[in-house]
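Participant: In order, the protein sequence lines correspond to chains A and B. Each position in the first sequence, counted from 1, maps to that position plus 8 in my numbering. Each position in the second sequence, counted from 1, maps to that position plus 8 in my numbering.
Think of the hints as simulated: they come from the structure by calculation, not from any bench. C-beta: ideal position from N, C-alpha, C; glycine also. Please note that the accuracy of each hint is not assured.
Among the chain B residues that face chain A by a calculated CB cut under 10 Å, a handful are [as the list claims (entries may be wrong)]:
1) L210
2) S288
3) D362
Letter by letter, the chains look like this.
There are 2 protein chains.
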Amino acid sequence: MTTTRRDFLKKAAFAGAGIATTTLGTNAAEKQNTIAPQKKRTPSKSGKIRVGFIGTGFRSQEHFNNILSFPDTEIVAICDVSDFSLNMTKETFKKREKEFPKVYKGGELEYENMLKKEEFDVIIISSPWEWHVPMSVAAMKAGVPYVGVEVSAANTMKECWDLVNTSEETGSQLMILENVCYRRDVMAALKMAREGLFGELLHCRCGYEHDLRAVKFNDGKSYSYVPGTDLKMGPGAIGEAVWRTFHSINRNGDIYPTHGIGPVGNWLNINYGNRFTSLSSMTTKSRGLHKFIVDNGGANHPYANIDFKLGDIVTTMINTVKGETIIVTHDTNSPRPYSLGFRLQGTEGVWYNDGDTLYIEGQSKPHQWDKSGDWFGKYDHSLWKKYGDEAQNAGHGGMDYIMMTDLFNAIRENRPVPLDCYDAAAWSAISALSEESIAQGGILVDFPDFTCGKWINRKPYFAMEI
Amino acid sequence: MTTTRRDFLKKAAFAGAGIATTTLGTNAAEKQNTIAPQKKRTPSKSGKIRVGFIGTGFRSQEHFNNILSFPDTEIVAICDVSDFSLNMTKETFKKREKEFPKVYKGGELEYENMLKKEEFDVIIISSPWEWHVPMSVAAMKAGVPYVGVEVSAANTMKECWDLVNTSEETGSQLMILENVCYRRDVMAALKMAREGLFGELLHCRCGYEHDLRAVKFNDGKSYSYVPGTDLKMGPGAIGEAVWRTFHSINRNGDIYPTHGIGPVGNWLNINYGNRFTSLSSMTTKSRGLHKFIVDNGGANHPYANIDFKLGDIVTTMINTVKGETIIVTHDTNSPRPYSLGFRLQGTEGVWYNDGDTLYIEGQSKPHQWDKSGDWFGKYDHSLWKKYGDEAQNAGHGGMDYIMMTDLFNAIRENRPVPLDCYDAAAWSAISALSEESIAQGGILVDFPDFTCGKWINRKPYFAMEI
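Whole structure, please, built from the sequences with the hints as guidance.
Facilitator: Dropping the structure here:
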C-alpha cells in the first residue's frame, strides 16, 4: 500500500491547492474590492501613442515593422542586453527611414531604469520566456497603462497569478500577444462558431507542432541551424537558441501552449461564461534533440550527454465547465511539416485544419468534406475585411498586423485589451499544470479560476464584429 | 476534506483492483503451467474446414461471401434468433448458388445446442456486443479449435479476462476479427514502421469517428434511417438499432475502440515486447442522439426523454511501457464524414490519415508533406500483393477478405491466430477502463497485463511478410 499512500499524499497536496483556490473563490467579493479601475493614459505632448520595447530580437522586428506603419504612434525607447538584437533593430529602423529611438542597454534589470525614466502608453515585451512576467509586472507597477507580452505569457502557476494580481491591483491592461488568435482562418472559424454554424460546440483540438530542432541550436550566425556548421546553444548562439533550448533540458510538459489554446479559448468563450476545469497530460520519451545533436555533431559532441527532460510529443486533454473537451499538442523536436492542428467540432459541423476540410450538416453533401477555404471565404471576419489589404502587405500572413491594429485601436479608445490577464493566465497555466500531471504519469489536475468567479458573468469581448 | 476522503476511497478501490492484477502477475509462473497446448483440429470426413456461424446479421453476410469463396471450407451450421437475419442469409447463399447449411434457431442459448451437436474447426461470432464473450467462451469450452469473434471483443474487464483465461485453459485459439488491421494503407504503414522508415516510434492516434445516428435508429425496414420514417430502436428495428443504441443509453466511455487501437497495437508491438500501462479518458456532453430524435421525431417523440449516458466525443490518452503515447477517439453521434483518424509518428517521420499526408526526414522535401498514397504504393504489404486482386473483387475495399484469408491460412496450417486473446483483451479493455476514468472526471487508470509477463518475450507475429 506504500504506493497508494504516496499517491494519497500527492492527491492531498493537490486537494490543498484546490482548497486554496476555493478560498480565493469564496473571497471573490472581497478580492473584487481590490480591483483598481482601468488605468487611463495621460496625453502625450505630441499627441502620439508612446511605445516602449523590452527585448528587440527577431520577434520584435515584426512588431517594429507593424507599429512603425501606424502614423499616430512613436517608439520612444527600447531596451535590450544584446548588441546583436540592437544592431538588427537599427537596420529595421534604417530601412523604414525612421528615427532610431533612445536605447537602454546595461544589466539584465536595465528595463527598470527605462520604466522609471520614460513615460509610455504601451510597452511591448518580446524577451525570453523567463523574463515575461518580471518585466510585465514591472511595467504595470511603473504605471504603464497598456502592456503587451509575448507568448507564452507565464511559466509557473505563481507567474500566472502575478500577472492577474498585478493587473487587478494597478488597473494596467495586460494583453497576451497571441497572434494566432488573429489568423484569418481562425477568425473565420470564430465567426462561424458565433453564428452557430457548428451548432453547440463539443470538442476542439490544437497544438504547436513545429520542428524547432534547427532553431534550438545554431552557430551564432544563422538563426536556423545550417548542416555542417557548429552546433551551439546559450551565449554562443543567437535567437531562441540562446535561451529556449534550456526549457527543453529542464522542463517536461506543454511549455508553449498558447498558439493552440488561444484560438480555442476564444471559440469556447473561456473566461467569458466558460472555464477550464481540469487536465491530464502525457508525454512520449525524449529522443529528438539528442538524435539531432548526434546526427549533426557526432556522438562525441559535448551536448550528446545532455539529458533532455522534455518529451518529444506532449499531449494534454482538458475538461471545461460547459462539458466540452480539448486536446492540445506540443511537438517541437521531431521532423515534420508545421501545423497548429486545429479542430473545431459541434453538434452541427466540424472543421479540420489538417487537410483543410469542413463539414456543416444540411449544407455540405452528406458524408463528404468541403474545402474549408470555401467556407472561410464566405465568413471572413470584419477585422480582416477592414484591414486585410494592409495586413497582407505587412508580410507574414498579416496576423501580426491585425493583432497590433486591434491592440492599438483599444489604446486609441482607452478600451480594455482584447486578450487580457485572465486569458494570459488561463492559457499559460497549461504549462505548469501539464508539468505537474506528467511528473505523476498523467494524473488529473485541477485548473484554478483566475477570474475568481468573474467568468460567470463576463460577456465575450474579443474580436466582436466591427 | 470529505471530497478528498471520497476520492481516496475510490482510489483505494482501484489500488485494490491493481493489487489483484499484480497478484496474477506474480503468480504468472504458476499460471503458465495451466496454459493448455494449442488445440489441434480433428480432420473432417470431407477434408474440408468445417465452419459454424453464431449470428447471421448484416455483418455476417460479408463473412459468408468471403468464406464461401474458399473451396476447402464448408459452412456446416448456422445459428440465430432472428428470422430477418436468417432470411437475409438464405438470399446470400442462393445468390452464390451454395447449399444452405443446417439452421439452429430457438432461444437465446440455442448456440450451446449447436456447439454440442456439431463438430467445427472454426466458429465465427458476429452477434450483439454483449453476446461476444459468452458465445466465445462456450465455443472454446466445447472444444472448437478456432474461434473468430467480432469487434469489440469484450465490454467489461471480467469479460476481457474470461477470453484470456478460457483460451489459455482450453488451448482453443481466439481471434479478434479486427478487419481494419488488414486495411491496405494500415498494413503499408506497418511495413514502413517495421522497416524503420518512421524511426523510433513515439506517438499514434486513431479512433472511430463515424456518424452512426442513422444506424442507431431505423424503421425496422431500412438498415439506415430514412428521414420521414419511424424512428425505432430495440425489437421494432433491424440491424444494430436493435441492440447497439442501448450501449449509448447505458455507458459512457470509448465503447468501440478496436478499429482504431488494433492497427496501433500492431504498429507499437503491444503484447509483443510492449504493453499499455495507463490511460485517462474524457468526454464531452451528450447532445447528438437527443438532437437527432427531436430533429427527426419531434420534441414529443417518446425517445426525447431518454437520458443518453454516452458523451458525443470520447477521447482517451494511453501510456505504453516503452514511452510512446496514443490518443483514441470515439465519435459516433455527430454529423461528420467518416474517419479512423490514424496518425503514426516517430523520430524520422509521420503519417496523417486525415489529409492523407506523410513525411519522411531526408526523403521528403524539407517541411513539405508528401501524399501518403505515393509511399504506401511502394510499401504494399505482401498479403495485399498476393491476395489483393481477389480481395478487391470481394468488395468492401477487400480488408475483410484479406483478414479471412489470413485466419483460414492459420487454420489450414494449424498455426496460432494472427490476432489472439491477448490482443482482444488489451484492445477491448479500453472500453471498461475509459468508463472508469470518465466516471471520475478523467483520472488515470492502470491497465492490467493480460499476458502476465509473456509480453516481454513474445515476438511480433501478426502479418509477418510472406
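Participant: Of the hints stated earlier, which fail here?
Facilitator: none
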